[in-house]
Amino acid sequence: MSAAAEIFVSALIVIGAVFTLVGSWGLVKLDAPMSRLHAPTKAGTLGVGSVLMASMCYAFIWRDGSAHELLITAFLFVTAPVSAMLIAKVAIFRRTNVQELPPPPTDTTWATHDTGERAIKSSSASENRGGNTATPG
Amino acid sequence: MPRKLIWRLFPHPLLTLLLTLVWCLLVNGFSSGTVAFGLILGTVIPILTAAYWPRRPVIRKPLRVLEYILIVLWDIIVANVQVAIIVVFKRNADMASNWVAIPLELRTPEAIAILAGTITLTPGTVSADLSDEGHALLVHALDAPDPDAVRDAIKSRYERRLKEIFE
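Each protein sequence line maps, in turn, to chains A and B. Take the first sequence: its position 88, counting from 1, is numbered 88 in our numbering, and each next residue is one higher. Basically our numbering = 1-based index in the second sequence + 137.
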């Protein structure tokens with residue numbers, strides 16, 4: 001029983017470590033800012049989740065149990081997408097090394113490009129606007 | 138019965154329950170004193186923050202929430218393995234990273250927030266932006282030769298279920 005539990009917990013730790021390693025490797029290997037964003041979100045979900053699960057199993061089998069890991073997972077799952085979205089918005093806003101965005105299917109533009117500056121520019125100097133938007137990084 | 142007073146005291150009943158649960162988990166115990174203090178926090182915090190969250194999301198099918206959580210957890214595991222394989226074995230030049238524009242049928246802000254969070258948590262896709270009036274979602278896919286397939290998968294797998302839960 002004890003040996004099986006030990007193997008189970010160790011396996012969870014190793015799985016978590018492998019995914020965290022792959023996430024870090026992806027951060028180094030991928031070349032575009034938007035692609036790079038994908039790597040840490042992986043490490044943040046299964047990598048950390050698996051290590052936390054190992055910690056919880058360990059606490060319940062050998063100690064008197066702990067549920068803090070559930071809270072950490074919940075907070076992580078709520079906050080990680082927000083930071084990822086903000087980083088993506090910065091990349092979209094600066095338009096450096098970012099692929100051309102598709103037009104939104106229903107509304108006029110994407111929220112990050114919906115700046116007052118752009119609205120003024122497009123209304124006052126329409127010939128200037130083409131040169132401004134067509135400069136990829 | 139003064140219904141209005143009850144709504145004033147508990148502007149977000151589910152938030153009250155959630156805060157109580159979080160407090161018990163933080164303390165790591167379910168003694169009566171812990172639950173009582175958790176309930177006090179769960180009553181005071183929603184009242185103090187009610188001004189910033191005027192609308193009350195209605196969960197129409199609570200059982201579907203559990204189904205949704207299980208599906209998302211399963212997808213996180215499956216997609217993690219797929220993306221790990223892509224990251225380790227695929228050359229950067231071979232990756233077809235693409236923007237995917239998803240027209241939204243959801244209108245509840247909380248449901249759209251959950252959809253965007255789900256898309257980011259499942260590896261391979263990151264939600265990047267909303268359209269200016271909130272009727273479309275911009276998603277970046279790491280390796281998607283066919284953006285339309287990604288769009289349809291997200292719409293049928295997640296958005297349809299969230300629509301059943303919230304609308």
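Keep in mind the hints are simulated off the structure, nothing from the lab. We treat Cβ as the ideally placed atom computed from N, Cα and C, and that holds for glycine. Accuracy of the hints is not assured; some may be wrong.
Stated by the list, open to error - When the alpha-carbon atoms are kept at most 30 Å apart in a straight line, the in silico DSS-like pairs for lysine-lysine are as follows:
| no. | chain 1 | residue 1 | chain 2 | residue 2 |
| --- | --- | --- | --- | --- |
| 1 | B | K198 | B | K141 |
| 2 | A | K89 | B | K300 |
| 3 | B | K227 | B | K141 |
| 4 | A | K29 | A | K89 |
| 5 | B | K227 | A | K29 |
| 6 | A | K89 | B | K198 |
| 7 | B | K141 | B | K300 |
| 8 | B | K227 | A | K89 |
| 9 | B | K292 | B | K198 |
| 10 | B | K300 | B | K227 |
To be verified - Among chain A residues calculated to face chain B with C-beta under 7 Å, some are:
| no. | residue |
| --- | --- |
| 11 | A11 |
| 12 | A17 |
| 13 | E69 |
Unchecked claim - Cβ pair distances, simulated, as ranges:
| no. | chain 1 | residue 1 | chain 2 | residue 2 | range |
| --- | --- | --- | --- | --- | --- |
| 14 | A | C57 | B | A187 | 36 to 42 Å |
| 15 | B | E304 | A | I7 | 44 to 50 Å |
| 16 | A | A59 | B | P240 | 29 to 35 Å |
| 17 | A | F8 | B | D231 | 19 to 25 Å |
| 18 | A | V82 | B | R294 | 20 to 26 Å |
Verification of the hints:
no.	hint	verdict
1	B/K198 / B/K141	25 Å, holds
2	A/K89 / B/K300	26 Å, holds
3	B/K227 / B/K141	60 Å, violated
4	A/K29 / A/K89	22 Å, holds
5	B/K227 / A/K29	10 Å, holds
6	A/K89 / B/K198	33 Å, violated
7	B/K141 / B/K300	29 Å, holds
8	B/K227 / A/K89	26 Å, holds
9	B/K292 / B/K198	19 Å, holds
10	B/K300 / B/K227	36 Å, violated
11	A11	14 Å, violated
12	A17	13 Å, violated
13	E69	10 Å, violated
14	A/C57 / B/A187: 36 to 42 Å	39 Å, holds
15	B/E304 / A/I7: 44 to 50 Å	46 Å, holds
16	A/A59 / B/P240: 29 to 35 Å	45 Å, violated
17	A/F8 / B/D231: 19 to 25 Å	37 Å, violated
18	A/V82 / B/R294: 20 to 26 Å	22 Å, holds
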